[in-house]
Amino acid sequence: MKRVLSLLLSLLMVLTLFTACSPAASNGEPEAEEEPGPAEDADVIKIGVFEPLTGMNGGGGLQELGGIEYANKVYPEVLGKKIQLVVVDNKSDKGEATTAVTRLIEKDKVVAIIGSYGSAVSIAAGDIIKNAQIPAMGASCTNPMVTQGNEFYFRACFLDPFQGKVMATYAIEQGAKTAAVIMQNGDDYSVGLANFFIDAFKNLTGDENSIVDVSEFQLNESDFNAILTNIKAKNPDVIFAPSAATTAPLIIKQARDLGIDALIMGGDTWENPAIIDVAGEDAEGIVLSTFFDENDPATEEAQKFVEGYKKELAGKEPIIPAVAALGYDAYILLRDAIERAGSTDGVAIRDALRETKDFEGVTGIINFTEEGDADKNLAVIKTVKDGQFVFVDSVEVK
Amino acid sequence: MTGQLFLQQLANGISLGSLYALLAIGYTMVYGILRLINFAHGDIFMMAAYFMIFSIITFKLPWFVAIIIVITATVALGVLVEKTAYKPLRNAPRMSIMISAIGASFLLENLATYLFTGVPRGFPDIKVLTTTVKIGGLSLTIATLITPFVTLILLYAVLFITNKTKIGMAMRAVSKDFETAKLMGININKVISSTFIIGSSLAAIGAILWGSRYPSIMPLTGVMPGLKCFIAAVLGGIGNTAGAVLGGFILGMAEIMLITFLPAFTGYRDAMAFVILIVVLLVKPTGLLGEKVTDKV
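As given, the protein sequences belong to chains A and B, one line each in that order. For the first sequence, our numbering begins at 13 and goes up steadily by one. For the second sequence, our numbering begins at 424 and goes up steadily by one.
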């Protein structure tokens with residue numbers, strides 16, 4: 013009996029390892045397997061798309077992919093050749109991420125990579141991208157570590173220190189004096205953004221004790237009652253809970269069920285219809301920051317994009333998700349750089365990307381900083397009203 | 424710590440514990456009969472939640488009809504898994520059937536991802552279960568309130584079946600000695616199917632209560648509850664039905680109390696559950712209510 017159980021225990025431990033990187037279905041099979049030769053010889057140019065299509069960030073990854081695929085439809089060619097997207101699913105998992113990126117580089121021989129939604133997987137893949145000298149363009153990965161010390165990783169979005177500051181500023185403008193923070197242990201995006209918020213909030217209030225509670229939870233957790241009961245006892249003015257769209261509605265719903273009426277805020281991942289679908293009426297009044305608002309197109313490209321993509325989305329999603337806009341921008345930024353580089357050499361594309369100047373994207377005029385980040389200082393704040401995401405304010409932080 | 428905070432946490436703990444208990448019964452019963460950890464149990468639970476979503480949201484059935492359909496469909500799925508993944512291996516070494524169980528678990532997860540995508544789905548809002556009531560300063564949903572009672576009633580029903588009915592007697596006989604029971608003319612396949620029927624229907628009820636409290640359902644929803652409930656079953660003494668319920672209550676309560684009294688360790692909640700498992704296996708491998716000698720010589 014004892015032996016059987018200890019055997020079971022070891023099996024269980026092995027099993028937990030598997031579930032951590034659970035092999036979900038691979039919807040994102042690369043479309044082209046028949047052309048293994050180097051990209052230069054083929055009559056297509058391959059760009060890898062590295063996104064989570066399943067797992068905790070599956071919903072967001074699909075939204076981003078939609079934007080990238082639409083961009084490919086609008087601008088299908090570069091250097092006189094057809095651009096072929098090779099999509100791989102990183103399953104929202106750091107282990108899978110390295111496999112997926114290696115596959116793009118070694119097997120599919122892509123000339124550049126777009127992605128990923130979720131900073132943790134982008135960070136995990138960073139070293140492989142750097143060593144292979146394949147330029148990568150992140151669309152919505154906001155953690156600073158994605159591009160830090162990696163001259164081949166660029167991104168089209170703003171960063172978490174900025175986003176944390178925007179949310180802290182907004183909370184204080186709403187009269188908040190105290191805040192509670194909930195973050196997901198082991199998720200670089202959630203932990204990073206939560207800490208930047210904490211720093212900014214303490215700074216802006218000038219009060220070290222203004223953060224009354226910091227709680228952590230783990231992947232696949234559903235029960236937040238205990239954490240929220242603790243928070244309720246401390247009665248904060250706002251709850252900041254950057255988390256994936258799978259988890260967020262559970263936090264929101266359980267908070268409201270417990271009778272917590274504090275303002276609940278999150279980051280860019282929250283602009284996902286799944287949250288309203290799952291949390292229902294309880295989602296009313298949540299606040300989030302995001303990259304883009306379809307009602308306020310910043311450029312001509314944006315106007316074109318909103319009109320075209322709205323038709324594409326008809327019936328599927330009520331609003332254009334900001335990450336789709338960023339996915340679109342990531343694609344056109346890369347395409348522009350390849351065109352200017354005049355070749356598909358990784359280093360040449362990287363240099364062209366660096367020289368990008370006043371590029372007219374959907375999410376605004378884009379220039380890159382030394383680090384490879386889009387130099388942006390504008391965020392859009394949205395809330396949920398009558399079951400829809402609505403624009404509240406756009407915030408500029410210097 | 425105020426009394427009210429403590430009472431609220433107590434309610435959270437009892438309610439979470441009774442959800443664990445419902446699932447743990449399924450693990451423990453299958454183990455009792457087949458000496459098999461049914462790793463697919465958590466995924467059958469996940470599928471039950473999806474069945475509920477489809478019957479109410481897609482087919483617009485009233486909730487009481489939907490509950491009956493969901494239980495029936497889940498039972499069918501549980502029996503199907505047993506017939507296809509476990510029955511052909513009845514005479515194979517125990518390790519093979521366990522690997523088959525892990526395979527069945529992955530198959531269900533991947534099938535769900537393929538069919539329903541990885542995007543979370545909202546669980547239907549059944550007002551009878553999700554309405555919030557305030558008692559004193561406590562705020563509880565009806566699902567939270569009734570879960571412990573549902574669990575206890577079902578535990579009583581399961582104990583009644585195993586101790587007072589003919590099929591229950593057969594179950595006990597098979598669990599004592601598989602071979603002899605077979606020789607005595609007990610229809611082993613029928614007994615095993617009944618075990619899966621009971622386990623799966625409890626998983627279905629568990630899924631409905633779980634979904635009403637934690638309404639975000641995705642293909643990996645069953646993984647964590649599955650593992651936790653396995654721990655609960657081991658803690659209570661695997662093979663012992665009342666033990667599984669006790670184990671579930673203790674585990675749920677321990678998780679909530681960890682957060683209540685040691686708020687700095689909220690991130691170690693899952694770790695603690697596994698530490699409990701290791702400690703039980705080291706100190707008292709038969710669990711709290713497990714029989715001393717379960718293995719035949």
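Simulated from the structure, these hints should not be mistaken for laboratory data. Hints are not guaranteed to be accurate.
27 angstroms max Cα-Cα, derived BS3-like pairs, lysine-lysine [to be verified]:
#	chain 1	residue 1	chain 2	residue 2
1	A	328	A	85
2	B	613	A	397
3	B	557	A	246
4	B	506	B	557
5	A	246	A	316
6	B	599	A	328
7	A	94	A	316
8	A	94	A	323
9	A	397	B	707
10	B	506	B	483
11	B	613	B	506
12	A	369	A	316
Results of checking the hints against the structure:
no.	hint	in the structure
1	A:328 - A:85	holds (18 angstroms)
2	B:613 - A:397	violated (55 angstroms)
3	B:557 - A:246	holds (19 angstroms)
4	B:506 - B:557	violated (46 angstroms)
5	A:246 - A:316	violated (48 angstroms)
6	B:599 - A:328	violated (56 angstroms)
7	A:94 - A:316	holds (22 angstroms)
8	A:94 - A:323	holds (24 angstroms)
9	A:397 - B:707	violated (54 angstroms)
10	B:506 - B:483	violated (31 angstroms)
11	B:613 - B:506	holds (11 angstroms)
12	A:369 - A:316	holds (21 angstroms)
Checked against the numbered hints listed earlier, the structure breaks hints 2, 4, 5, 6, 9, 10; every other hint is satisfied.
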